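Number of protein chains: 2
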Amino acid sequence: MTAPLAEQGTLSKERLRLWLRMLRVTRQVEAALREKLRVEFDFTLPRFDVMAALYRDCDGLKMNELSKRLRVSNGNVTGIVDRLADDGLVERIAIEGDRRATLVRLTPDGRDAFTTMAVAHERWVDALLDGVSPEDAHHIGELLHRLPADTGVQRS
Amino acid sequence: MTAPLAEQGTLSKERLRLWLRMLRVTRQVEAALREKLRVEFDFTLPRFDVMAALYRDCDGLKMNELSKRLRVSNGNVTGIVDRLADDGLVERIAIEGDRRATLVRLTPDGRDAFTTMAVAHERWVDALLDGVSPEDAHHIGELLHRLPADTGVQRS
Chain A
9 MTAPLAEQGT LSKERLRLWL RMLRVTRQVE AALREKLRVE FDFTLPRFDV MAALYRDCDG
69 LKMNELSKRL RVSNGNVTGI VDRLADDGLV ERIAIEGDRR ATLVRLTPDG RDAFTTMAVA
129 HERWVDALLD GVSPEDAHHI GELLHRLPAD TGVQRS
Chain B
9 MTAPLAEQGT LSKERLRLWL RMLRVTRQVE AALREKLRVE FDFTLPRFDV MAALYRDCDG
69 LKMNELSKRL RVSNGNVTGI VDRLADDGLV ERIAIEGDRR ATLVRLTPDG RDAFTTMAVA
129 HERWVDALLD GVSPEDAHHI GELLHRLPAD TGVQRS
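These protein sequence lines are chains A and B, in that order.
Count along the first sequence from 1, add 8, and you get the number used in the working numbering.
Count along the second sequence from 1, add 8, and you get the number used in the working numbering.
Any given hint could be a false lead.
Okay, derived cross-link-like pairs now, EDC-like style, lysine to aspartate or glutamate, Cα gap no bigger than 16 Å in a straight line [as the list claims (entries may be wrong)]: (1) A:K21 x B:D144; (2) A:K21 x B:D106; (3) B:K21 x A:D138.
Since the hints were made in silico from the structure, they are not lab data.
Owing to the predicted nature of the structure, the values given are computational and were not obtained by experimental measurement.
The task is simple: from the sequences and hints, build the whole structure.
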C-alpha cells in the first residue's frame with residue numbers, strides 16, 4: 009500500500025531523524041568503549057574486534073576471511089595481527105598444500121585475555137544502554153535484524 | 009528495583025546483542041550511503057558531513073567549532089575544508105579582531121550543491137530503513153534520544 013505523498017514526506021523525515029540518532033548513539037557508545045578498553049586494558053578497539061572474530065572460530069581463520077568478516081582491508085588486518093602475534097595473543101599456522109595462505113588463531117593466552125575483556129565489555133555495554141528495557145532491547149533487536157532493507161547490493 | 013542475578017545476565021546479553029546489531033546496521037547503512045554519494049555525486053562522506061554541519065549555521069563556524077561538532081581532529085577537518093574551498097563550495101572569512109581564527113561557511117554554490125545531495129541522501133535513508141514503520145521510527149528515535157546512559161564522562 010502506498011502512503012499519500014504528504015505522509016511519505018513525514019515518514020522519510022522520521023526515518024532520517026532515526027538514522028542520524030542511530031549514527032550519533034553508535035559513535036558515542038563506540039567512543040566510550042574505545043576509551044574504556046584503552047584505560048582498563050591498554051587495548052585498542054580494532055585489536056579487540058579482530059580477537060572477537062577469532063574467538064568464534066577455534067580452528068582459526070584465513071587472513072582474507074578475517075578481513076571480509078571485519079569489513080576492513082587486508083593491509084589493516086595484517087598490521088593488527090602482526091602486533092597481536094608479537095604480544096603472543098595470536099599465532100599463524102601454515103596450511104598444508106597452500107603455501108601462500110596461513111591460518112590465524114588465538115593462542116591459549118589470547119583466549120584468556122579476550123575472555124577477561126569480553127566480560128568487561130558486556131558490562132560496559134549494559135551500563136551504556138541502561139535506558140533500554142528488556143522489551144525494548146528485544147523489540148529493537150528484532151527490527152534491526154531485518155535492516156538495512158536495500159544496500160544497493162544485488163541479492164540472489 | 010534490582011532484577012535477580014539470572015535476569016540481569018539475560019538482560020545484559022540482550023543489550024549486548026542489541027549493541028552488536030546496531031553497530032552492524034550502522035556500518036552497513038553508512039557503507040551504502042558512502043557508495044551512493046561516490047557513484048551519484050563523486051563525493052565523500054566526510055565532505056558531506058562537513059557541509060551538513062556548515063549548512064545549519066548560515067553565519068559559518070570557526071574551524072575548532074566545526075571540528076568539535078564533527079568529533080574529528082582539527083587536522084582532518086582542515087584537509088577537507090581545503091579541498092571544498094578549492095572546489096568553490098566553502099569560503100574562509102577573516103574574523104575581525106582575531107587574526108589567528110577564520111570562519112568557514114558554505115558559498116551559494118555550496119548551499120545549492122548540498123541541498124541537491126541532501127534530498128538524495130534523505131531518499132536513500134528512506135529506502136535503507138524501509139522496514140521501519142512510522143510508529144517504530146518514532147518509538148526507537150525517542151529511546152535513542154536518551155542514550156547512551158553513561159559514557160563515563162562526568163555530567164554537570
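Here is what the structure says about each hint:
1. A:K21 x B:D144: 13 Å, holds
2. A:K21 x B:D106: Distance ~39 Å between K21 of chain A and D106 of chain B Cα, so the pair is violated.
3. B:K21 x A:D138: 12 Å, holds
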